[in-house]
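*Asks:* Chains as they are written, first to last, in our numbering: chain F, 13 to 849; chain E, 13 to 849.
Don't read these hints as lab results, they were simulated from the structure. Just so you know, not all the hints are guaranteed correct.
Beyond 12 Å from chain E on every Cβ pair, some chain F residues (computed) [to be verified]:
1) R86
2) D260
3) D325
4) A349
5) H416
6) A561
7) V572
Listed below are the simulated SDA-like cross-link pairs for lysine to any residue, each with C-alpha atoms no more than 20 Å apart in a straight line [stated by the list, open to error]:
8) F:K613 x E:A93
9) F:K780 x F:R763
10) E:K613 x F:E424
11) F:K613 x E:K613
Even for Gly, the Cβ is constructed at its ideal location relative to N, Cα and C.
There are 2 protein chains.
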Amino acid sequence: MITLTPDPLDRERFPIDEWALSETSYDADSAGLTETLFAIGNGYLGMRGGPEEGYGWHANGTYINGFHDTWAIRHAEEAYAFARVGQTIVNVPDSKLIKLYVDDEPLIVGEAECVHYERILDFRNGTLQRDIEWRTPSGKHVSITSRRMVSFTDRHLAILEYEVTMLDQDASVLLSSQILNRQDWVDEYAASADAQPVDDPRKAAAFSERVLQPRFKRADGSRFILGYRASNSGMTIACGVDHRLTTDNDWTESSQIEDDLAKQVYAVHAEAGKSIKLVKVISYHTTNSVPTRELADRCERTLDRIESRPLEDAFTAQRDWLDAFWARSDVEVPGHAAQQQAIRWNLFQLAQATARTDGGGIAAKGVTGSGYGGHYFWDTEIYVLPFLTYTSPDVARNALRFRHGMLPAARERAAELNQRGALFPWRTINGLEAGAYYAAGTAQYHIDADVSHALSQYVSATGDEDFLIRDGAIDILVETARMWADLGFWREDGTRSFHVHGVTGPDEYTTVVNDNLFTNVMARANLRAAVRRTRGLMQRDPDAFRAMASRLHLHEDEIVEWSEAAESMYIGYDEDLGIHPQDSQFLEKELWDLENTPPSKYPLLLHFHPLVIYRFQVIKQADVVLALLLQGDEFGGDVKRRDFEYYDALTTGDSTLSASTQSIVAAEVGYRDLALQYFNSALFVDLSDLHHNASDGVHVASAGGVWNALVFGFGGMRDYLGTFTIDPRLPEEWESLTFRVTLLGARLRVRTESSSVTLTIEEGASAKVSVCGREVEVFAGRPIRVPLLVDDSPTFEGAPSTSDIEGALRPDGSVITATMPMITERYDETDTPPLAE
Amino acid sequence: MITLTPDPLDRERFPIDEWALSETSYDADSAGLTETLFAIGNGYLGMRGGPEEGYGWHANGTYINGFHDTWAIRHAEEAYAFARVGQTIVNVPDSKLIKLYVDDEPLIVGEAECVHYERILDFRNGTLQRDIEWRTPSGKHVSITSRRMVSFTDRHLAILEYEVTMLDQDASVLLSSQILNRQDWVDEYAASADAQPVDDPRKAAAFSERVLQPRFKRADGSRFILGYRASNSGMTIACGVDHRLTTDNDWTESSQIEDDLAKQVYAVHAEAGKSIKLVKVISYHTTNSVPTRELADRCERTLDRIESRPLEDAFTAQRDWLDAFWARSDVEVPGHAAQQQAIRWNLFQLAQATARTDGGGIAAKGVTGSGYGGHYFWDTEIYVLPFLTYTSPDVARNALRFRHGMLPAARERAAELNQRGALFPWRTINGLEAGAYYAAGTAQYHIDADVSHALSQYVSATGDEDFLIRDGAIDILVETARMWADLGFWREDGTRSFHVHGVTGPDEYTTVVNDNLFTNVMARANLRAAVRRTRGLMQRDPDAFRAMASRLHLHEDEIVEWSEAAESMYIGYDEDLGIHPQDSQFLEKELWDLENTPPSKYPLLLHFHPLVIYRFQVIKQADVVLALLLQGDEFGGDVKRRDFEYYDALTTGDSTLSASTQSIVAAEVGYRDLALQYFNSALFVDLSDLHHNASDGVHVASAGGVWNALVFGFGGMRDYLGTFTIDPRLPEEWESLTFRVTLLGARLRVRTESSSVTLTIEEGASAKVSVCGREVEVFAGRPIRVPLLVDDSPTFEGAPSTSDIEGALRPDGSVITATMPMITERYDETDTPPLAE
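Using the sequences and the accompanying hints, generate a full structural model.
*Replies:* Now the structure itself:
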């Protein structure tokens with residue numbers, strides 16, 4: 013684990029602001045990092061935070077979710093059913109460029125003498141602003157302010173404002189606003205690969221030839237549209253820009269359009285004090301195959317619409333959208349401004365990665381970079397979907413619809429792998445498996461259970477049965493259950509048990525094993541969910557069941573088979589250690605000597621051959637521990653603690669997916685300080701570039717993990733099959749923690765203090781939750797406060813033994829004010845308290 | 013297993029001839045196969061058997077052992093220490109071409125109307141001859157005879173004779189003799205890849221750009237020399253040809269030389285009955301880096317030398333060389349002409365693959381094709397070296413010297429893999445690991461033990477201690493023992509045992525496992541050999557020991573460590589089944605349903621994803637069973653039989669390395685018919701193209717396996733640490749089997765009949781062997797006949813209970829004629845018979 017100083021950011025350069033990330037000086041060496049940290053996007057369109065002037069960038073990307081090209085994966089040694097179709101997100105034509113020349117001297121941020129510099133990513137306004145005072149080589153002072161926005165309300169829209177004012181002397185000012193289709197994909201990454209002698213599998217594969225074929229160009233006054241078709245995927249894109257210059261100075265304009273460049277140049281005789289303001293309105297439209305001419309028209313319509321209204325409307329709409337976002341999603345940690353800022357930065361990234369994916373997926377880097385090739389992983393379902401399910405269920409539904417749309421390809425992939433049912437790709441953009449290294453790719457069959465888990469969680473939390481039945485998402489449960497029933501096999505070994513062999517769990521430092529605990533536990537839940545949902549439907553709506561059964565050629569015997577497999581699923585347990593082995597051979601392996609592994613050897617994957625790593629007990633990321641979280645109701649408290657203790661000591665945290673999970677389970681089993689350390693490791697993973705690759709884009713799953721750690725870890729919320737429980741683990745240093753979750757349509761604010769939990773309905777009518785074992789129902793306008801008993805012993809238990817629940821209603825409608833005993837055993841519902849009746 | 017008809021060849025087309033492979037008609041569809049079957053070579057230079065006229069070929073290759081180019085392996089997903097340097101044998105400039113035109117009509121074998129056609133690969137003359145009578149489109153009859161030879165005595169030399177005679181009418185005859193540097197590497201293989209939708213990992217990787225850069229050309233009369241440099245490896249090659257035309261007809265000549273083509277054209281006014289004979293003398297020289305101008309001079313010298321003597325001398329030398337080869341290597345199965353022919357074809361292939369490798373390795377395909385990229389594998393040590401060690405020890409020594417030369421690269425590779433000592437590459441040409449798929453490549457750590465095994469066997473069989481000590485081959489034992497001691501680890505689990513985890517055994521359908529039986533057993537032998545040899549040296553020659561210890565930084569403690577590791581090596585045993593598990597989890601896996609796998613699904617590797625295959629108990633090739641052979645003295649007879657029975661039922665034989673081993677152990681444990689079936693599967697693997705890829709080149713390891721099956725299987729010879737034993741298992745159908753082995757410098761002929769074994773010294777003074785448990789010493793000029801007791805029960809035991817040993821000498825010098833009891837328990841030497849005292 014990475015140990016952090018209490019506040020790992022340089023506050024001189026990045027002053028604390030609870031609602032913004034701001035920067036007071038530019039550092040060319042960390043351009044890659046800040047391009048990521050200051051990136052803006054809406055889940056569909058993303059622009060990295062590089063300077064408008066276009067120099068000194070690291071990977072000056074503009075990305076559109078899912079806009080990719082394909083390439084033939086060439087395996088150095090081929091084998092049957094290896095992934096064939098490489099998919100890589102494309103750096104689309106760059107429309108951010110506005111080059112500035114003052115007396116023919118270019119402004120190159122990073123080299124220029126800046127008397128003043130400030131860059132602000134504003135979490136409430138949803139804008140990136142920059143304010144520079146530049147002293148030109150000849151000593152003239154120029155003020156340059158810019159504002160950049162990618163709209164949450166109109167996903168095809170971005171707006172740039174760029175204002176230049178000569179402060180003390182007149183000058184000739186030239187603004188060259190461009191759309192540039194960069195044909196330097198290769199160089200861009202080759203450059204960073206050169207800087208890094210060991211190839212890094214976490215980066216995007218580089219294209220070796222032209223990706224975007226020019227198909228369309230149109231210039232009309234100060235409006236340009238360029239259209240392209242991706243060479244292999246056939247996807248099409250159009251980018252349109254329009255310009256409006258406002259100044260009291262004299263000026264002339266000229267323009268130019270080529271296949272890979274459209275340029276609008278304003279030459280201004282700038283008088284001191286007279287500002288020059290350029291507004292650049294940008295629209296991108298993309299499709300799988302629609303001709304670019306048609307996309308160009310769509311761009312025109314977007315541009316026309318913006319032109320027809322006051323520009324400020326767009327910014328107001330952005331603010332309104334974010335106000336609503338924060339109202340349902342904010343998490344507050346008062347008194348800890350640095351953490352508060354980082355929390356909001358992470359939540360803002362979740363908004364930027366997911367808000368307008370609409371029919372698309374959620375990439376590992378959102379739309380902030382090309383890391384992992386723009387691919388979708390289980391990150392979506394396990395790390396990001398909880399946040400969406402509990403704060404923005406509509407967005408969660410979209411993400412699950414997208415996954416549902418992959419079912420045909422997943423069926424084909426299962427057949428290729430000789431399995432029945434469906435096998436979702438480990439990593440993909442277009443639905444086909446793109447993971448070329450099967451041991452840490454295709455072998456992660458648990459993706460099926462992850463998807464099912466997220467779907468079950470979504471339905472439990474929202475009650476959206478329609479999605480399951482009418483939209484057919486239940487097919488996911490059926491086809492994944494089929495896969496498990498077929499993948500596993502029965503063994504008679506004293507008892508009859510169901511085993512799953514030859515799979516890789518979440519821990520990619522241990523691959524292709526038998527009976528991986530996480531996989532078996534998640535597969536069991538998957539099978540049970542399929543049994544429960546299909547049988548439930550059979551009883552509730554036989555016609556709908558028959559329709560589904562006919563569509564899926566489902567026979568009732570199959571459901572019996574799933575149930576048997578689930579209930580006989582092999583769950584290993586080591587009696588001597590009193591823990592669950594990660595897989596059937598894990599505990600027999602030699603222990604990696606983590607203590608004597610120098611920091612320079614992390615992450616291990618960049619310094620050791622996989623065979624070396626696989627030979628040892630050493631863990632990249634939470635595996636058993638993640639099972640303890642996701643299927644926590646299947647494990648007793650003592651074994652949870654022993655499991656955590658055993659595996660935590662072996663965990664390198666070389667994956668950014670690890671820290672948040674370790675934090676949550678550490679909190680649950682009583683390691684309060686450790687939980688906070690892990691939390692901070694997740695919280696600052698990008699802000700402090702803890703994994704040295706934030707330049708490739710935001711670690712979106714980690715951002716999701718931050719929310720999970722806050723809500724599930726410190727907040728102590730769980731949702732097992734729609735039973736919402738809260739058992740907080742507030743860090744000692746924190747006075748309070750407030751989060752919001754939307755449960756069955758009602759938004760509940762949960763405020764935890766050291767001595768109580770206060771529940772308030774912010775939207776909707778009521779919500780039922782169990783706080784520290786006691787069920788309460790909260791109604792709008794009637795907050796409830798549940799006192800907690802704080803245990804100050806070093807091993808934090810957190811379970812109160814008695815409690816006052818103020819504000820709760822009795823069944824007869826009267827309000828409780830008295831103190832009553834509380835259940836001390838968490839999750840034990842045998843002794844139902846009167847309140848819950 | 014593949015079940016064969018008794019004689020799987022079409023005898024109309026391939027008539028039986030015990031000393032030749034002949035063909036009576038040409039079939040264009042099987043051109044790839046016959047190019048391989050009729051290929052000629054000497055271990056250094058190889059020419060596939062395509063027609064001189066150059067049309068209708070499949071992969072008209074000419075190969076020089078080890079002449080390769082390199083390329084950067086691009087892994088679809090990278091990881092640390094993955095193999096980086098791809099190596100592929102180069103199809104060198106083709107000097108075989110002699111195009112023939114009669115009245116401007118080209119002779120295209122396969123399309124032409126051949127009144128007579130015959131092609132003969134002559135095992136005693138070492139020539140490929142062809143005899144055609146062609147009826148031209150205009151109805152003229154032409155006789156064309158050719159003879160081709162790649163010299164065993166002069167490895168740089170090949171000779172082509174090409175004779176044309178108009179039989180009935182005059183005609184204009186044109187002969188165009190060429191050296192052609194084919195720049196179509198890609199097309200050649202792309203074409204066959206197209207025909208095969210699933211990529212086949214057994215083929216060579218195709219080059220994507222020009223490999224040979226022209227560096228030199230010289231024309232002098234009818235002599236041409238072209239020189240090239242390989243683009244990346246920097247290896248250089250020159251090819252020189254000289255021509256001599258003999259005819260009574262009128263003729264003119266012309267020539268032409270370009271970068272990729274040299275051409276000598278003879279235009280002859282051919283009168284009926286007057287022959288035209290063209291002799292083309294060819295020389296190739298190659299080096300790692302010597303300038304081509306220098307190589308050209310070497311070619312000139314070869315050509316000059318041949319020119320200076322009668323041409324027939326070269327053919328006589330070839331015959332003499334082969335007479336000697338057969339004298340020391342032939343195996344006779346009288347009365348079974350089809351098998352005899354196939355046996356000699358296989359032995360001839362061994363000669364062609366190994367005779368003049370000199371300082372080079374022995375590739376999987378010898379010099380007959382580009383399959384497996386021209387790489388060297390363990391095939392050399394385990395499948396080919398026994399033949400060489402016991403019949404051509406000088407060639408064996410060369411092969412081991414070549415391996416010894418790889419030690420520096422193997423040390424570096426071990427370090428890359430975080431191991432001490434040396435780790436030989438799984439596949440390579442230049443010493444660097446070229447195996448891009450580590451699970452079935454680098455993970456086969458057993459390569460170290462295989463090399464050590466072959467070295468120990470060579471030293472035991474030859475007594476060549478000089479090679480071990482003076483030439484330093486003992487370093488191999490030390491560095492490999494180091495690797496094992498470091499790779500494994502100690503576990504306390506009741507008893508203290510030494511385990512080797514995360515390796516792949518010979519069976520490539522089961523990868524990256526713990527405690528693979530073969531690996532552990534072979535590693536133990538490797539460690540023991542290192543202990544024995546280093547301690548032996550310490551006692552016998554302390555100075556030499558000190559020199560070695562100093563060179564290798566070897567401390568005596570290390571030897572103790574090896575010994576402890578060896579003696580505590582974990583050897584799994586399953587009490588219930590009474591067998592040795594192939595690895596620690598093998599027996600827990602599901603059984604593959606081989607019975608219901610249709611033939612079209614073999615080999616499994618071309619029809620199932622590795623993850624699917626790995627999940628089951630299913631075997632590509634002998635693994636435990638190979639351990640039973642190589643370390644047979646470590647296993648009791650009963651468990652051997654049970655192991656064989658268990659694993660034989662799971663073995664697909666998808667590797668051609670499997671059949672010969674299964675045959676040997678089947679013979680040993682009593683499955684006489686099965687042994688013969690397996691033997692035939694190995695014997696005809698190429699001749700009947702049983703694995704459908706003989707077109708890629710001869711399966712040289714299988715050819716070695718044929719000799720092993722004859723000598724170790726039916727002949728029943730074993731050599732455990734220099735103790736030579738013979739316990740025959742003659743197939744019921746065979747009257748006798750005669751083979752020769754050279755033991756400690758003496759050549760022993762062993763003739764087994766159903767009732768006796770006759771031992772004769774053919775060269776040298778004497779040899780000691782144990783026949784069916786009884787030690788005998790054979791002297792030159794005094795053959796010994798040991799009677800056998802034949803057991804006709806279905807379970808063949810083969811051990812005689814009593815015997816006459818005729819001809820043997822008593823210690824007092826008198827000759828034994830009487831009958832005496834024999835030991836029935838094989839390999840049990842506790843009851844030493846008086847004869848051996």
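*Asks:* Each hint: holds or not?
*Replies:* Now for the hints, and whether the structure bears them out:
no.: 1; hint: R86; in the structure: violated, 7 Å
no.: 2; hint: D260; in the structure: holds, 57 Å
no.: 3; hint: D325; in the structure: holds, 47 Å
no.: 4; hint: A349; in the structure: holds, 41 Å
no.: 5; hint: H416; in the structure: holds, 25 Å
no.: 6; hint: A561; in the structure: holds, 28 Å
no.: 7; hint: V572; in the structure: holds, 21 Å
no.: 8; hint: F:K613 x E:A93; in the structure: holds, 14 Å
no.: 9; hint: F:K780 x F:R763; in the structure: holds, 16 Å
no.: 10; hint: E:K613 x F:E424; in the structure: holds, 19 Å
no.: 11; hint: F:K613 x E:K613; in the structure: violated, 44 Å
Checked against the numbered hints listed earlier, the structure breaks hints 1 and 11; every other hint is satisfied.
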